[in-house]
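Trainee: Chains as they are written, first to last, in the numbering used here: chain A, 1 to 412; chain B, 1001 to 1412; chain C, 2001 to 2357; chain D, 3001 to 3357.
One or more hints might be untrue.
Claimed, not checked - Taking lysine-lysine pairs in the BS3-like style, the calculated list, with each CA pair at most 27 Å apart, reads:
#1 Lys3305(D) - Lys111(A)
#2 Lys333(A) - Lys2324(C)
#3 Lys2272(C) - Lys1023(B)
#4 Lys2200(C) - Lys1333(B)
#5 Lys92(A) - Lys3077(D)
#6 Lys2336(C) - Lys1121(B)
#7 Lys3043(D) - Lys3225(D)
#8 Lys2003(C) - Lys1304(B)
#9 Lys333(A) - Lys3158(D)
#10 Lys3272(D) - Lys304(A)
#11 Lys319(A) - Lys333(A)
#12 Lys3077(D) - Lys254(A)
#13 Lys254(A) - Lys3336(D)
#14 Lys3077(D) - Lys298(A)
#15 Lys3158(D) - Lys237(A)
#16 Lys2336(C) - Lys409(A)
#17 Lys3200(D) - Lys23(A)
#18 Lys23(A) - Lys3305(D)
Calculated from the structure, these hints are not laboratory results.
Every value quoted in this text rests on a predicted model; they were computed, and no experiment measured them.
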Amino acid sequence: MSKQPDDAGKKLNPTPLLDELEKGPWPSFISGYKEWIQDSGNTMTRGVLDQLQYSYETKMGYWKGGVVGVHGYGAGVISRYSMIPDKYPEAKEFHTMRIQPAPGLHYSTAKLRDILDIWEKYGSGLLSMHGQTGNLQLQGIDQDSVQECFDELNKKGWDLGGAGATVRTGASCVGPARCEMACYDSLDAHYKVLSYFTDLVHRPQLPYKAKFKFSGCPNDCSNSIQRADYAVIGTWKDEIQMDKAEVEAFIAAKGVDYLVNNVITRCPTNAITMENGSMEINNSDCVRCMHCINVMPKALSPGKERGISLLVGGKGHLKVGNMLGSVMIPFLKLETQEDMEGLIDIIDRMIDWWSEEALDHERIGECIERVGMVAFLEAAGLETTIDMVSHPRDNPYFKADHDHKPQIKSMA
Amino acid sequence: MSKQPDDAGKKLNPTPLLDELEKGPWPSFISGYKEWIQDSGNTMTRGVLDQLQYSYETKMGYWKGGVVGVHGYGAGVISRYSMIPDKYPEAKEFHTMRIQPAPGLHYSTAKLRDILDIWEKYGSGLLSMHGQTGNLQLQGIDQDSVQECFDELNKKGWDLGGAGATVRTGASCVGPARCEMACYDSLDAHYKVLSYFTDLVHRPQLPYKAKFKFSGCPNDCSNSIQRADYAVIGTWKDEIQMDKAEVEAFIAAKGVDYLVNNVITRCPTNAITMENGSMEINNSDCVRCMHCINVMPKALSPGKERGISLLVGGKGHLKVGNMLGSVMIPFLKLETQEDMEGLIDIIDRMIDWWSEEALDHERIGECIERVGMVAFLEAAGLETTIDMVSHPRDNPYFKADHDHKPQIKSMA
Amino acid sequence: MEKRTYKTEESGLHHHMEMLHPVSQKNYGQWSYHERPGPGILKHVAKSGDVLFTVRAGTHRQVTIPIVRRLCDLADKYADGHLRWTIRNNVEFMTPNEANVAPLIKELEALGHPVGGTGPSVSAIAHTQGWLHCDIPATDASGVAKSVMDALYDDFVKEEMPNRVRLATSCCEINCGGQADLAIVVQHTRPPRINHSILKDICEMPSTVARCPVAAIRPTTVNGKASLMVVEEKCIYCGACFGACPAMEINHPDHSKFAVWVGGKNSNARSKPSNMRLVCHGLDNNPPRWPEVTQVVKNILGAYKAGGRDWERLGEWIDRIGWKRFFEETGLPFDKYMIDSYRHARTSFNQSAHIRF
Amino acid sequence: MEKRTYKTEESGLHHHMEMLHPVSQKNYGQWSYHERPGPGILKHVAKSGDVLFTVRAGTHRQVTIPIVRRLCDLADKYADGHLRWTIRNNVEFMTPNEANVAPLIKELEALGHPVGGTGPSVSAIAHTQGWLHCDIPATDASGVAKSVMDALYDDFVKEEMPNRVRLATSCCEINCGGQADLAIVVQHTRPPRINHSILKDICEMPSTVARCPVAAIRPTTVNGKASLMVVEEKCIYCGACFGACPAMEINHPDHSKFAVWVGGKNSNARSKPSNMRLVCHGLDNNPPRWPEVTQVVKNILGAYKAGGRDWERLGEWIDRIGWKRFFEETGLPFDKYMIDSYRHARTSFNQSAHIRF
Ligand code: SRM
Ligand code: SRM
Ligand code: SRM
Ligand code: SRM
Ligand code: SF4
Ligand code: SF4
Ligand code: SF4
Ligand code: SF4
Ligand code: SF4
Ligand code: SF4
Ligand code: SF4
Ligand code: SF4
C-alpha cells in the first residue's frame, strides 16, 4: 500500500512547470492531483507528480515496462517501473489496472463508489475515466497490492480488461438506453460478445490485439470503424420511416432553400430528389448514411427491418498506415439468442483463421489484405458479395477457374 | 506493288464465316473489302481476307512482326508477315504505315485524295481511319513498296507517325474549330508540341512510348486523361460566365425541380446553392468539372482567364493496372509563343528525367509512382502544390528535413 | 528498289488551318453555344452570328479507298470540300447551309452510313486490330464491333440514352481500345506455351522476366541451355511476356474468353474520371457473331437506358443505384474474381457502413 | 502476500441494465426523437411520452477519487443515482425532471466542470498517457489536451461550429488517440539510438526487424556479437521497433516535433468515413503549454467555424473548398512532405482535371 497515514505525505514538492497547467478554464488534472495529495497524503501520487515535473523539464518519459499480473490471468495490468527510482523513489512503481466497465459506460453511483473505496485502500487514488479503448483505468498501484486490490474489486463484480495480444475491452455507444437512432441492442451485443470472449480477454493467445466496438447506427458514435478490428454497426433494410406532416412542417419552418442546400444536396447518392417543391427519398438508392435523419429527426427515422453490419479490420497506423473496417457481413438480424450465437460463431471462425494465418503483430485487417479477402471470407464461411467492395476490380490481374462460365439472365 | 492489273485478282474466294458479318445495319468492313477486291483486283487484300476467314475458323491470329521502315526513320511502319505464307501467299506481307493527320483529324478533300491516290498505287487499298492513337493507318503494303510510297506521300506533305519507344502521334478534340467550350487553342498546341518532337516521333530513343493528347476543356473529348502520358486539358481560373437572363429562361422552361435534380445536386463540390429559388455559383468551390455549363450552354460558359492543366502519366493496363494522368501543372496560360515554349521546355525536362530514371518498358506514370512525385517535380523544375494530390498523406511514413520548421501565419 | 534520290522532308504533321472548313477558320475560337437539332446533327453558333451545322455519321473504320472517296465526294458537294473524323471513327461534315443537312443525311444513309452518335446516344465502338493485323490477338475486334453495333444501331441513330455512351473492344488484355463506359476485352485463359526451340535465339531473357506483372517467369535450363519457365500458379495469362519475346506463345485456339468492363470515364463532368471495372468474364469467344457478348452488352445498356437519370454516365448510374442493383438489373452474376486482389486492393474495400439493400 | 484463498470469479463485464437510469430501463430501445434545448443539454422523448434530459459536462479524464465522488454525489442528488461517461471522457447525468437541469448545471460549473460538448460544438479531446504513464511518449498528452482545451473552452460550452468537432492528441506516432477531425500527434525526429549493451539480452531480433514498416533495420555484428543496426536514410522515426525491443531507444529530449492532422471522420453521415491527413509538422514540443500547437489548432478551427456550412464536418468543409484554400485560410504552409510516398501514394494523386483556383 502506497498511502502514508501521516501528514508528511501531504506536502507538495515544487512543480513550477506543472503549475502552469493549473491556469485556464478547462479542468486541470494537475490541480486534481495536488488536491488529492494534500487530501490523502498519497506519496505514490506525489512521486509521480514530481517525476512528471522532471519529464516536463527534460522532455523525456521515464517509465519502462515489466510483468505484473493477477493470479490466473495473463493480461489486464500495465506495469510501469520508473527508470529513475533513485531520484523519485515514491514513484518507483506505478502500475495500471484496466477495469472493464459496463457497456455504454453506464454506472450506478453505488457500483462506482465500490471501486473508489477499494481504490482508495490500495492504489494511488488516480483514475483515468476512461482509456481510449474503454477501460476504467486505475492508475498507480504497486506490485504487492495488485492481487488483493483485484480480489476485492472482483468480489464486487468487477473484472480486468484486456491488454497485449488479447481480445480487448469493448466499447459501445449509449444506444437503446437513450438514443432513438439505435437499430439494434448494441449494449446487449457488447455484453454478450465480450462475455463470450472472456477467456481471450484475460489470456494472451492471439497474434496481436483484437478490439470490438458497437454502434447503434451508422453515425458510429463509438468510432468503431477506425478503432475496432470488429465494428458492429446498426442499420436497416427497408425504407426510411417518413412522417409526411413533419416533413412539411420542417419545410415550412426552414424554407425550401434550406431543404435543398442542407438535405437534398447532401445526400451522398442523390437518393433524395425534389418533387413539386418537396422531398422524395428513393430508398433503393439510399446507403443508410443517416444524414437526412440526423437533420430531420422528427420527420425521418431508420426503417423497421433492423440489424447490423459487421466491418472487420479497423486499426491504427502501424505498420501499413491507418485502416478503416471493411464490410464483411452486410446485414444480419440481431434479435434472438440464435442470431447472437450466429454472429459469435462467425467471429470465432474469423479469429481462428487469423490465428492461423497472421504474422507476428499483424492485425486481422492487415492479414486480410495480405492474404486476400476471398480466402478470409471462405474461411469464415461467408458469401462474397459486392457489398464488401466499393467497386469490382479495375485491373485484369486475376485468373478464374478454367471452367468458369457466367450464367447470364436474359433480361428481354 | 500488290495490285494485279488483270481481272484474276477480282475473284473472291469463299469466306462463309466472314460473310456473316455482311448482315445487319451497321457498315460492314467485310462488304467494303469485298467490294474493293472486286473493284480493284487487289490480291493482297484478297489474301488477307482469306487468312482472316481462316482465323475465324481456327480462332488464331497468324501475323508476326519484323522490321520494316523507311530511310532515316526507326519507326512508323508496323510490319506484319504471315505465319502461314504457304497457305496464303497473297498475304505474305501486310505492313501498316502510320500517317500523322492534322490536329483534330480535319481534312480538306484535296489533301485526303492525295493519300488515296498514292495508296491506290502502292498499297492494298485498305485504310483504318483512324487508329486509337490517332494515326491514319494505311494497312497493307509490301516491304519493297514502302519507301516509294512514303516518298510520294512525303512530297505531298504527309509524314509518318510514331511506333515503338517513340513519342507517338498526338490527338486532339475539335476544339476552337467548332466548340464553344475550348479554353485554349488545342489544335495549335497539338501542332506545335508534336512538330517540336518530330525527331522523337521518328527515332526510338525513349524507355517506352510517350503519348500526347489535347482537349480544349475538362470534358476531355480526346480521352487524354487515360490514354496519354501527357494530357493537355483546357481550363479557366476566374468565374464561370453567367448570363442571368438565360438562367432564368432555363428555369422558366425546365422548372425548379429540374434545376435542383439535374444541376444543383449534380455539382461535385456543392459549389452551386439554391438562393431564393434560383441558382448561385460559389466559384471558389468550383472544380471546373463543366457539368453545369454542359447542361446550360446558353446560360453558362467557362471563365475568361483561360489556360491549360497538364496531367502526366495516363496509360493502359500494363503492368501496374490502368493509370489516369495526374495533375503536374495546375494552370498555365497558353496564349503566346513564349507560353508554348515554356510548356515544351517543361515537357522536355520531364522526358529527360524519365529517360534517365525509367526501367525498361516503364511509362512515365509508373516511373513517377515508383521514384516519387516530389523527385519528378523537382527534376522538372516545378513547384509541388496541393493541386497535385486529392489530399495530403494519411500515414506518418515520411521524414522531413531535420530543420523543418513551418511558418504559421497568425490569422487573428 | 532503285537508288533513292528523294530526300525526306521531315515535315511532321500538317497544319490544321488549311484543313478547316472556311466558317471554322473565320470563327476560330469564337463560338458562343450549340444546339442539337436532331440525332447526328449539331448546330454551333458563333459570336459573329455565323452558324455551322455538323452532320455526323458512322463508318466501318476499317475502310477502303472507294469508301473514303465517296465521303470526299459528299464533302465536296455539301461541305465545301472539308470533312473530319471524330476520335471514335465517325465522320463529320460541316456546312453553314441548313438546306444541305437533309440531302446530305439522305446520301449518307444511302451509302450505308448511319447518321447519329451525338448527344445521349451510343457512339461507335473504339476498336482495335484483331486477327486482321495484330500479332497477339485472341479475337477479331472489327468483327466484334460490327456484331455489337448491329445490335445497337437504334441507340446510335437516336438520342435516348441517359447520357453519351462510349464503347470499346480490344483483342487482348493490353486493351488498345482504352477505357470506356463499356469495354469488351478478350482474355487469354492459359499460360503461354514456351517455344523453347526459338526462345534461345530471339529472347532477351532479363527483359522478358521483368515484363511479367506478377513475377511468374523464372530462368531455367532446358536441354542444357538457359531458358525460361512460367510458374503456372502465378501466371494470370496477361500475355505481356509475348510482347517481349515471341517464344512465349500466348495465342491459343481454345483458351480465350471475353470479359466485359463498365464505368470507365474520361470526362471530368461531375465525378472525377474513373477506371472501368470488371462485371463479366468467361464469355465464349465465338466468331463470327459473338452472340454471348452482344447479349451482355444489351443487358447492361438496356438496364442503364431504363434506369439512368439524365446526365448520368453509366458509371455514375451505378454509383447511385449501387453495384448490387447493377448486377440484379443486368442479369449478370457477381463472383469472387471481381474482388480486387492486386496492388491497391485495400482501397477498393467498402470501408464504410454505406450499403444499399 | 499471504497465501491466496479467494478464487477469482471470471465475471467479465457488468451487465448494463443494473447501471441504467430507470427511465432508460423503462423506455429501452423505444425512443422517438431528441432535441437540444441548449448547449450541454439533450432532451430525448420516448414513444411512451416519457422525457429524459441529459446534461453533459467536461472532465479532466485523469481524475482522482474525490473528483469522481463529487460527481457521484451530484448523480445521487439530481440523477437518481446514475451517471455515465461518453466515449470522449465527458460525464452525463440523466433526469426526467426538467427542474433538475438548471441547478445541476450550476453545481457542475461550480465544481469546474464546463457544461457543453453537444451538437455543433468542440467536444473534449481524446488523449493518451504521455509522460504520466507510457513508455514511448515524446510528450505529455494530458498537458497538451489541457492547454488546447483552455483555448477552446468557448467552443465547448457553445454550439457555434458548423458540425460537431472531435479532437485527439497522442504522445507518439502510434496514435492511441485515434483518428479525429483534428489530431495533434507528436513525432520522433531521429532514428532510435541502439543500446547495444542491453540489446543482446532483451531483443528478439527477428521480430524487431519485422516490426519496421520501411525495412530499415538490419542484422549486424557489434563487438563480435549479433546485433541490429538502423539504416538512417530509410528510417522514418516511427518508433515501432521500440515496441518490439526496448534497446531501440527512440525517446530523446531534443528530437521530437508535433504534427497536426485533419479530416478524420468515423461517422457515415453523408461522406464515407475517412482517414485524417497531415497538414502541419515540425511544431515545437514545448511544455508546459505548447503555444505553437494551440495556435495551429485555433487557426484551423477558426477558419472552419468561419467558412463551414451547417452539417459540414471539418473534412467535408475541406472537400468543398479544396485543400489549397484550406492552407490559405488556416495560414498553414503546404510542403512536399505532405505528398504521400507510401503504399497507396498513387491513389492520392489528383487523377482528374478537378482543380480549384
Ligand atoms: C492507455 C491507452 C491510451 C489512453 O491513455 O487512453 C493506450 C496505451 C498504450 N497503447 Fe494504445 N492505448 C489505448 C488505446 C488505443 C487505441 C484506441 C482504441 O482502442 O480505441 C488505439 C488505436 C486503435 C487500434 O487499436 O489500432 C491504440 C493503438 C495502439 C497501437 C497501434 C496498433 C496498430 O496496429 O496500429 C499500439 C502499439 C502496439 O500494440 O504495439 C499501442 C500500444 C499501447 C501501449 C501498450 C504502448 C506500449 O507498448 O507500452 C500503451 C500503454 C500505455 C500505458 O502506459 O498505459 N496502442 N491504442 C489506451 C487504452 C486504454 C484502455 O484500455 O481503455
Ligand atoms: C453521447 C455520445 C454517445 C456515447 O455513447 O457516448 C453521442 C451521442 C449522440 N450522438 Fe454521437 N455521440 C457521441 C460520440 C460520437 C462520435 C465519437 C466521438 O465523439 O469520438 C461520433 C463520430 C465522430 C466522427 O465521425 O469521427 C459521433 C457522431 C454523431 C453524428 C454524426 C455527425 C456527422 O454529421 O458526421 C450524429 C448525428 C448528428 O449530429 O445529428 C450523432 C448524434 C448523436 C445523438 C444526437 C444521437 C441521439 O439521437 O441521441 C446524441 C447526442 C449528441 C450530441 O452531443 O448532441 N453523433 N458521435 C457520444 C458523445 C461524445 C462526447 O462526449 O462528445
Ligand atoms: C493500332 C492500334 C490499335 C488500333 O487498331 O487502333 C494499336 C495496336 C497495337 N498496340 Fe496499342 N494500339 C493502338 C492504340 C493504343 C492505345 C490507345 C491510345 O493510344 O489512345 C493504348 C492505350 C493507351 C496507352 O498508351 O497506354 C494502347 C496500349 C498498348 C499497350 C499497353 C501499354 C501500357 O503501358 O499499358 C501495348 C503493349 C506494349 O506497348 O508493349 C500496345 C501494343 C500494341 C501493338 C504494337 C502490339 C504489338 O506489340 O504488336 C499493336 C500493334 C497492332 C498492329 O498490328 O498494328 N498498345 N495502344 C492503336 C494505334 C493506332 C494508331 O497509332 O493510331
Ligand atoms: C466530336 C467530338 C470531338 C472530336 O474531336 O472528335 C466531341 C464533340 C462534342 N463533345 Fe465530346 N466529343 C467527342 C468525344 C468525346 C469523348 C471521347 C470519346 O468519345 O471517346 C468524351 C469523353 C468520354 C468519356 O468520359 O469517357 C466526350 C465527352 C463529352 C462530354 C462529357 C459527358 C459527360 O457528361 O461525361 C460533353 C458534355 C456534354 O455532353 O454536353 C461533351 C460535349 C461535346 C460537344 C457538345 C461540345 C460542343 O459544344 O461542341 C460536342 C458535340 C457532341 C455531341 O456529340 O453531341 N463531350 N466527348 C467527339 C465525338 C466522338 C464521337 O464520334 O462519338
Ligand atoms: S451510434 Fe447511433 S445509436 Fe449510437 S448513440 Fe450514436 S446516433 Fe445513437
Ligand atoms: S440516409 Fe443518407 S443516403 Fe439515405 S436518403 Fe438520407 S441522406 Fe440519402
Ligand atoms: S474537349 Fe471541350 S473543347 Fe474539346 S470538343 Fe470536347 S467539349 Fe469541346
Ligand atoms: S463547373 Fe462543375 S464544379 Fe463548377 S459549379 Fe459547375 S457543376 Fe459545380
Ligand atoms: S488489343 Fe492487343 S491484340 Fe488488339 S491491337 Fe492491341 S495489342 Fe494487338
Ligand atoms: S502471361 Fe503474363 S502473367 Fe503469365 S508469364 Fe506471361 S507476363 Fe507473366
Ligand atoms: S500514443 Fe504512444 S506514447 Fe501515447 S499512450 Fe499510446 S503508445 Fe504510449
Ligand atoms: S524507428 Fe521505425 S522506421 Fe526507424 S528503424 Fe525503428 S521501426 Fe524502422
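Trainee: Hint by hint, which ones does this structure get wrong, listed from lowest number up?
Mentor: The structure breaks hints 1, 3, 4, 5, 6, 7, 8, 9, 11, 12, 13, 14, 15 and 17; every other hint is satisfied.
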